[in-house]
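**Student:** Residues per chain are reported as follows:
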Amino acid sequence: MPSKEDYKKYNLLVVDDHRTMLQIMHSLLKQIGFMKIDIAMDGLAALEKMKLSRYDLIISDWNMPNMDGLQFLKAVRASTDPQVKTVPFILVTAESKPENIIAAKQAGVNNYIIKPLTVTTLQAKLNITLGIM
Amino acid sequence: MKNSKQINTSEILTAIENLQEIIIYEEKAVTLILDEISELQENIDNKKQISICLTKICEACTFQDISAQRIKKVINLLSHLGAETSISMDNYESKKDFLEGPQLSKNLISQDKVDEILKGNNPSD
Chain A
1 MPSKEDYKKY NLLVVDDHRT MLQIMHSLLK QIGFMKIDIA MDGLAALEKM KLSRYDLIIS
61 DWNMPNMDGL QFLKAVRAST DPQVKTVPFI LVTAESKPEN IIAAKQAGVN NYIIKPLTVT
121 TLQAKLNITL GIM
Chain B
1001 MKNSKQINTS EILTAIENLQ EIIIYEEKAV TLILDEISEL QENIDNKKQI SICLTKICEA
1061 CTFQDISAQR IKKVINLLSH LGAETSISMD NYESKKDFLE GPQLSKNLIS QDKVDEILKG
1121 NNPSD
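In order, the protein sequences belong to chains A and B.
Read in order, the letters of the first sequence are residues 1 to 133 in the numbering used here.
Read in order, the letters of the second sequence are residues 1001 to 1125 in the numbering used here.
Bound conformation, chain A alone (with noise of 0.2 Å):
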């Protein structure tokens, strides 16, 4: 079981629309144990931090307005920089229609979380695409 010094060390970027929800996802994975949290309100606005720093982790919402969640891990997988393209993505989510979920996988979703989600939930799938046993 991992401890909460594994977690440490990554830098993740959390992006959603529902402040309320990136206060819920906040305190979730500071329970889990990351320290290095970022935060942003739309795709466009993520991708402006993903300009300015690196990033071990991307979790997002779908819907959001100026670019959405699909949209937006279609841009990071058509980034230029190798790590950016790479870059782990899970999207968080409460679109649950089997056809959406596909699109996603196509479009290099690494997991995808329904919600509404449980800590228990959200570690195991951070723990699977992290790889940390």
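If you're looking for bench data, these hints aren't it; they were derived computationally from the structure.
This one's a predicted model, so the numbers in the text were calculated from it and none came from an experiment.
Just so you know, even glycine gets a beta-carbon here, dropped at the ideal spot from N, CA and C.
Don't take every hint at face value.
[As the list claims (entries may be wrong)] Covered, in the sense of this in silico footprint (three residues per stretch, anywhere, with C-beta under 8 Å from a C-beta of chain B), are these stretches of chain A:
| id | region |
| --- | --- |
| 1 | 24–33 |
| 2 | 87–97 |
| 3 | 104–117 |
[To be verified] Using 30 Å as the maximum straight-line C-alpha spacing, the simulated BS3-like pairs for lysine-lysine come out as follows:
| id | chain 1 | residue 1 | chain 2 | residue 2 |
| --- | --- | --- | --- | --- |
| 4 | A | Lys-30 | A | Lys-9 |
| 5 | B | Lys-1056 | A | Lys-125 |
| 6 | B | Lys-1106 | A | Lys-125 |
Fit chain B to the given chain A structure using the hints.
**Tutor:** Okay, now just chain B, sitting in the frame of chain A:
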């Protein structure tokens, strides 16, 4: 060609179901939060139990995000219908699907089914 009036009725019924789900879901979430607060009050000296209760309260607060998305869906639909009322509805079929976002409970799939789809297994198999 679809009958635009039938499409509108279906969308409106789904909008009503969404609003009903908000009421149900919010009541469940607030009940859970109040239960956890009660648990906290009884275990005020137990650090581990406090941590568990606070996590559950945090998780329950996601109801606000879900409700907001459902309400936005309904607002978008009603706004469009309001704008279109005096205009021909003949091209409604080409309009965006306004009711994306959180699915109704009867259509929800579990996290396990999501995981199966990601692995490439067709959920209808």
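**Student:** Each hint: holds or not?
**Tutor:** Now the hints, each set against the structure:
| no. | hint | verdict |
| --- | --- | --- |
| 1 | 24–33 | holds (count 4) |
| 2 | 87–97 | holds (count 4) |
| 3 | 104–117 | holds (count 9) |
| 4 | A:Lys-30 to A:Lys-9 | 12 Å, holds |
| 5 | B:Lys-1056 to A:Lys-125 | 18 Å, holds |
| 6 | B:Lys-1106 to A:Lys-125 | 25 Å, holds |
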